[in-house]
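S.K.: Next come the chains, spelled out residue by residue.
2 protein chains.
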Amino acid sequence: MSDYDVFLSDCPARTALDLVADTWSVVVVYGLGRGPHRYSELHARIGGISKKMLTQTLRKLERNRLIERRVLATAPAGAEYRLTPLGRSLLGPVTVLAGWAEQHAEELAGDDD
Amino acid sequence: MSDYDVFLSDCPARTALDLVADTWSVVVVYGLGRGPHRYSELHARIGGISKKMLTQTLRKLERNRLIERRVLATAPAGAEYRLTPLGRSLLGPVTVLAGWAEQHAEELAGDDD
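Chains as they are written, first to last, in the UniProt record's numbering: chain A, 1 to 113; chain B, 1 to 113.
Certain hints may be false.
Unchecked claim - Straight-line alpha carbon distances no greater than 20 Å define the calculated EDC-like cross-link-like pairs of lysine to aspartate or glutamate that follow:
hint	chain 1	residue 1	chain 2	residue 2
1	A	LYS51	B	GLU41
2	A	LYS60	A	GLU41
3	B	LYS60	A	ASP18
4	B	LYS51	B	ASP5
5	B	LYS60	B	GLU41
6	A	LYS60	B	GLU41
7	A	LYS60	B	GLU106
8	B	LYS60	A	GLU106
9	B	LYS60	B	ASP22
To be verified - Simulated restraints on C-beta separations:
hint	chain 1	residue 1	chain 2	residue 2	range
10	B	ARG88	A	ARG34	41 to 51 Å
11	B	GLY35	A	GLU62	33 to 43 Å
12	B	ALA73	A	ARG82	51 to 61 Å
13	A	ALA77	B	LYS52	23 to 33 Å
14	B	ALA73	A	ARG34	49 to 59 Å
15	B	GLY33	A	GLY110	17 to 27 Å
16	A	GLY33	B	ALA77	42 to 52 Å
17	B	ARG70	A	VAL71	28 to 38 Å
18	A	SER40	B	PRO36	41 to 51 Å
19	B	ARG63	A	ALA73	49 to 59 Å
20	B	ARG69	A	ASP5	23 to 33 Å
21	B	GLU68	A	GLU62	52 to 62 Å
22	B	ALA79	A	ALA109	21 to 31 Å
What the hints assert, rightly or not - Just some of the chain B residues that point at chain A, by a computed CB distance under 10 Å:
hint	residue
23	ALA13
24	TYR30
25	ILE49
26	ASN64
27	ALA77
28	ALA79
29	VAL96
No wet-lab data here; the hints were simulated from the structure. Glycine included, every Cβ here is placed at the ideal spot set by N, Cα and C.
Sequences and hints are given; from them, build the entire structure.
M.R.: This is how it looks when you write it as structure tokens:
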């Protein structure tokens, strides 16, 4: 048990949940779980994400030390993103959530309301 | 393995992920995991949620058959919300994600950027 509680609005656990409980954060972390990616690779891999949204999501995750950006000694110069140890700790929860979405997609899509 | 893929923008899995990958959906499902709740109980339990946002979140989850609203034969009349079988299937992933947030809250709160 933790002393933190996501039910409390001013608890750091709620802040932590706010940080990661959105589609783009989940998909980016899930994608980086397969290994480091360049920006262009992530943009190609993640359908429907705008460059602005991808940049914002990467910056947010980097600022919170879930991912790190590493400049590559290549020509032309490039950079890649990878999960930090903290980010890797999120990979399990994110994989479970994305797996649930993939497994139950059909049931949810059957909604005619 | 599923045929569905959250990386694809037009895949039902992405739609399913969009539905549940937000803080309020996570907290409401997590809360209902402890048993049925009346609206007023949920509102009291979930810190910081406005009535408008709670109503919207409950309607969205109900429309997608993750929760059900049951009218109670009480005086004054009341209603309670509970997870459906589909909603209960989401309880595991949501519990893992909320648990991660509670466990890593301190590390993330240490961010001074």
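S.K.: Take the C-alpha atoms of LYS60/B and ASP18/A, compute the straight-line distance between them, and say whether it is at most 20 Å.
M.R.: Holds. LYS60/B to ASP18/A sits at ~19 Å (cutoff 20 Å).
S.K.: LYS51/B and ASP5/B were given as a pair; does the straight-line alpha-carbon distance stay at or below 20 Å?
M.R.: violated, 34 Å
S.K.: Keeping to a limit of 20 Å between CA atoms, is the pair of LYS60/B and GLU106/A held or broken?
M.R.: Roughly 17 Å separates the two Cα atoms, so the pair holds.
S.K.: With 23 to 33 Å as the target window, see if ALA77/A and LYS52/B comply at their CB atoms.
M.R.: Since the Cβ atoms of ALA77/A and LYS52/B sit about 48 Å apart, the hinted range of 23 to 33 Å is violated.
S.K.: For the hint 51 to 61 Å, verify it against the beta carbon of ALA73/B and that of ARG82/A.
M.R.: Between ALA73/B and ARG82/A, where Cβ atoms are some 57 Å apart, the hint holds.
S.K.: Can the restraint linking LYS60/A and GLU41/B be considered satisfied, given a maximum Cα separation of 20 Å?
M.R.: Judged against 20 Å, a Cα distance of about 33 Å means the pair is violated.
S.K.: Take a look at whether the Cβ-Cβ distance between SER40/A and PRO36/B falls inside 41 to 51 Å.
M.R.: Given a distance of about 48 Å, which is inside 41 to 51 Å, the answer is holds.
S.K.: Does TYR30/B pass the interface check with chain A, least Cβ-Cβ distance below 10 Å?
M.R.: holds, 7 Å
S.K.: With a cut-off of 10 Å on the beta carbons, see whether ILE49/B makes it to chain A.
M.R.: holds, 8 Å
S.K.: Does the Cβ distance between ALA79/B and ALA109/A fall inside 21 to 31 Å?
M.R.: holds, 27 Å
S.K.: State, for the Cβ atoms of GLY33/B and GLY110/A, whether the hinted interval 17 to 27 Å holds or is violated.
M.R.: holds, 24 Å
S.K.: Let me know if the C-beta of ALA79/B comes in closer than 10 Å to any C-beta of chain A, holds or violated.
M.R.: It is violated, given that the least Cβ distance between ALA79/B and chain A is near 18 Å, above 10 Å.
In summary, the structure is inconsistent with hints 1, 4, 6, 10, 13, 17, 21, 27, 28 from the numbered list given earlier, while agreeing with the others.
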